[in-house]
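Engineer: Assemble chain B onto chain A, guided by the hints.
Each chain, written out:
2 protein chains.
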Amino acid sequence: MSRTEDVAHMKWWGWGVDGVGFDHRDKPALAPFVMAKIGLDLNTRGRPPLPFDKLDVPPSRAPAELLETLGKAIGEEHVHTDDLERVVHTYGKSLRDLLRVRSGVLPRVPDVVVYPLDEEQVRAIVDEVVMADAVVIAFGGGSNIVGSLEPERDETRPIVSIDLGRLDRVLSIDDDAGLARIQAGAQGPSIEEQLGERGWTLGHFPDSFTHSTLGGWIATRSSGMQSDKYGDIADITRAVRVVMPGRVLATRAVPSTSTGPSVREMVLGSEGRLGVITEATVQVHRTPAERVILGYLFPSWEQGVAAMQAISASDSAPSVTRVSDARETAFSFATRKKSRGLSSLVSKAMQTVLSRRGWDLSSTCLSFIGFEGGEGHVARQKAEVKSIVHEHGGIVIGRGPGVLYDQKKFDTPYIRDYLLDRGAVADVSETSAAWSELLPLYRHTITEAGRAFDSIGVEGWVMCHLSHSYHSGACLYFTFAFRHGGDPVDQYDVVKAAIQQSFVDRAGTLSHHHAVGVEHARWLAQDISAAGADLVAGLFSAADPGRHFNPGKIVR
Amino acid sequence: MSRTEDVAHMKWWGWGVDGVGFDHRDKPALAPFVMAKIGLDLNTRGRPPLPFDKLDVPPSRAPAELLETLGKAIGEEHVHTDDLERVVHTYGKSLRDLLRVRSGVLPRVPDVVVYPLDEEQVRAIVDEVVMADAVVIAFGGGSNIVGSLEPERDETRPIVSIDLGRLDRVLSIDDDAGLARIQAGAQGPSIEEQLGERGWTLGHFPDSFTHSTLGGWIATRSSGMQSDKYGDIADITRAVRVVMPGRVLATRAVPSTSTGPSVREMVLGSEGRLGVITEATVQVHRTPAERVILGYLFPSWEQGVAAMQAISASDSAPSVTRVSDARETAFSFATRKKSRGLSSLVSKAMQTVLSRRGWDLSSTCLSFIGFEGGEGHVARQKAEVKSIVHEHGGIVIGRGPGVLYDQKKFDTPYIRDYLLDRGAVADVSETSAAWSELLPLYRHTITEAGRAFDSIGVEGWVMCHLSHSYHSGACLYFTFAFRHGGDPVDQYDVVKAAIQQSFVDRAGTLSHHHAVGVEHARWLAQDISAAGADLVAGLFSAADPGRHFNPGKIVR
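Taken in sequence, the protein lines are chains A and B.
This note's numbering applies: residue -15 is where the first sequence begins, and numbers increase by one.
This note's numbering applies: residue -15 is where the second sequence begins, and numbers increase by one.
For the record, the hints were derived by calculation from the structure and aren't laboratory data.
Treat the hints with care, since some could be wrong.
Given that identical chains are not distinguished, each listed pair holds provided it fits within a single copy or across any two copies.
As the list claims (entries may be wrong) - Simulated pairs of lysine to any residue, SDA-like, Cα-Cα distance not exceeding 25 Å: (1) Lys370 <-> Asp160; (2) Lys38 <-> Ala15; (3) Lys213 <-> Ser371; (4) Lys370 <-> Glu359; (5) Lys(-5) <-> Glu177; (6) Lys(-5) <-> Glu359; (7) Lys11 <-> Val71; (8) Lys38 <-> Ser346; (9) Lys38 <-> Arg137; (10) Lys56 <-> Gln485; (11) Lys38 <-> His376; (12) Lys213 <-> Arg270.
Looking at chain A on its own, in the form it has when it is part of the complex (with noise of 0.2 Å):
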């Protein structure tokens, strides 16, 4: 992409691009659902946040020197200083950052923001922010929910985010090894798009794709939706530039290696403090012969994780496995179009054999299981997967909920900004653990969660799907929502951190696939242990002893 302004980004106040929002009324269950839940009337008129003319932005820092010099390092026409352009880089799209900028709290934005064209222009760029002793924060697509991109309040050198959005390009397949060379600027959408004109797919669909990049993904070690079968960013990625002051760190794209301390691996997930990451080699696979996603329902959530648990153990191997407690099932159903509940995806008569085989419909939970691959290998794998679930009390009930469930799949970060015009904050937390720990982990954060809602005097709602398999143990993914009243941040502070405390004190990680960034920050040594944080702490000083990129992010 040669020109600045082609460079989409989001909502400089919310998710997605403008012109596209989340609207209930053509989904009918869904305001009662919503005033049952927590009180909310989604029929109030919603309060846009602050227009843009009226935020208070602070002043560019930035020297005329420094803006000369990266001026003539990769054109003025790429280097800008407005207020829009900053106020964009300067958060990525967690609550607490869409809390922050809907009502103008701005106490540090980047000073310069500069679109480089390739890696040679960000060598460019970093040399000459070294030199002039300022910071750099590199910048993808934005939809980082961990504070990751935030610069640091107390930052008095010069800011410079470097937006990749113009390094978009897959450069080379290797149609041979099956390996992509992928600028670190591509965004979800532009990759499938230049990989599928050659009959390749990466495989990579977090719940950000259409607004992440992979150098975001890389950086924050990202997992998508059919990571089942493709494996999460870190498996995919088998190689890795990164820009560092005067040099460029490469390794190479070998299928594995006993070469020390992965290097590969120091990159993944170290969320711009080593360096810029401008490219990476990675997997890609040819597009399946058959795909398909299934609907299914359990009596009850155990049975579903049993389900899923008894799938990895055996010898399938499915790309998607998904299962929603009763409560995420539930609002499933309330968002569902001219939704008729449960009716519309089980007959009437269906019902009326599973109520005589003792479900209770009300508490029913929707599963999603995803086939890849030759149409022999999915008809076998369909057919396993289908004995496993009648083994634990649950029915198919075929492609139909599966194809909508793929068809709405990135849509739901709209609702929170719909939330939010409207007085109720929402927000997501995921995590992994064993299978051993995996449904008391539940149990405890669902408890915490309530306490935090009633310690804060509001009535909230949790719920949560198990979104990852893997052969120990599983992904969690929960979402909470609230209407505050008082401070929002305050409150949503409450009530994450009640759920973060949870995972690590039920054995869980600090987060699955989010990373770390400021949010989890004060979590990490409780989940990697104290020396753990201060081998990541010692990693990042002897790369950077000069704290030029993205400092402060995962540890101080």
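Structural biologist: Just chain B now, kept in the frame of chain A:
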């Protein structure tokens, strides 16, 4: 294991346990083969290593005070300073190690060998050693072949070898999650025995299996023969415990996490430079219902490799994918007991058919492919692989050769000592590369090995097999041998260096599963770039500024 004297060690001068060795006399085709290829007469009487009492072992420099504190910490009977103990803990089993120890080259040996019982005792030892400004080298099975165990020649501080042989227990098995907590000093057979009693397997079978430990596998990023199914040790290891001064680094056994750069991955491949690994939580699998290894023949190496690649891209997932080049196939035939060469594998009638099909029977390539899982699963996989093998011109030769391979798979290292006794050196070098790079790398390496043999004026032999397949590439495992004239170490260096240089010149890594140590350190920056090597060095400096933990390995 409570008694130090029960900890088994290999021969001080060679591979394996006393009384077990290689003999060519029951393999009638081997002597003519070796004579033809490297001009060595196996029937000449071997010249064994120096007797132990002829070695000039430097005296222990351990201060009396340190010995006393160590004795107090773990019991005097577990603290040893006698010559045999110290020599056994000086080297691993690389060719260079064997050449040196056999001829009494011992510039620096550990000053004291300690056998702690548990992590608590390891902590006590580490703290005492750091207080005394001494050096710690952790010792597992002693099978390392890249110099990871040897003390630095010019180390003036006392050197303490911590032998982890008494930490040999499977501490617990989480039957629900398929996770086992195992102490770092447990050796392969003991691990499989303890797990097997409860119906589990680790599935990690490196060539060194009978004499290597879990801690050693982790410290060197080991791979096993069935890693295609079970994963490399980096995949298998879900959590680690590492004793550092005054504390323990402990990560959680979560299936996946986005918690910053992975501390677990920093420990994997760290070769004792971060601390002493005492325990890991590893994935274990139910002993499969069916397990079979089949033999295959291909008309050429290129076709064999192409078949392995096609298998890796298919929906099937064998546990073992291995194919030897024509040279290694010829060697395999020559080492068969009462060998009739190819005719013991393929009937006369079949040979006639193959000849008519245009096969050159002197350059066929032997392959082994393994299958594990439920009965139906194994049957389908076998059928799918069979059809891929046929598409690539190969044939199935069945279960017999696979059983033989399975029985003999850990015996190869014994041959090296036998050859050394008779004036010939033999060693291995392995790499991994993308599928697209594999055959050019192979040809270049064979050429470069040939040049190296010529340059030192010897008749040399080099052969290769593909030992592991991944989505994007494979591991190539080279074995080389020659009858040395002049200084064997110098001549070995010329050949070893030519092969390693070929790896990094042709897009390979310096080692797929033998680690860096000191043997491969000079190629590190060529593999992971200078910036990558500095990142590793920075990590070690930050974690161990006093250079107490196995200094000098991987990077200076």
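Engineer: Decide, hint by hint, whether the structure agrees.
Structural biologist: Each hint tested on the structure:
For the homomeric pair Lys370 and Asp160, the shortest alpha-carbon distance between copies (22 Å) is at most 25 Å, but the shortest distance inside one copy (35 Å) is not. Taking identical chains as interchangeable, the C-alpha atoms of Lys38 and Ala15 are never at most 25 Å apart, the minima being 32 Å within one chain and 90 Å between chains. Taking the shortest alpha-carbon separations for Lys213 and Ser371, both the intra-copy value of 20 Å and the inter-copy value of 24 Å come in at or below 25 Å. Within a single copy, Lys370 and Glu359 get their C-alpha atoms as close as 16 Å, and across copies as close as 18 Å, so both meet the 25 Å cut-off.
Taking the shortest Cα distances, Lys(-5) and Glu177 sit within 25 Å of each other inside one copy (23 Å), while across copies they are farther apart (60 Å). Proximity of Lys(-5) and Glu359 under a CA criterion of 25 Å is satisfied in neither setting, with 42 Å inside one chain copy and 55 Å between copies. Neither within a single protomer nor between protomers do Lys11 and Val71 lie at most 25 Å apart by alpha-carbon distance, with minima of 34 Å and 77 Å respectively. Neither within a single protomer nor between protomers do Lys38 and Ser346 lie at most 25 Å apart by alpha-carbon distance, with minima of 47 Å and 83 Å respectively.
Proximity of Lys38 and Arg137 under a CA criterion of 25 Å is satisfied intra-copy only: 21 Å inside one chain copy versus 70 Å between copies. In this homomeric assembly, Lys56 and Gln485 never come within 25 Å of each other (Cα to Cα): the closest approach is 49 Å inside a single copy and 41 Å across copies. In this assembly of identical chains, the alpha carbons of Lys38 and His376 never lie at most 25 Å apart, being 57 Å within a copy and 70 Å across copies at closest. For the homomeric pair Lys213 and Arg270, the shortest alpha-carbon distances inside one copy (13 Å) and between copies (21 Å) are both at most 25 Å.
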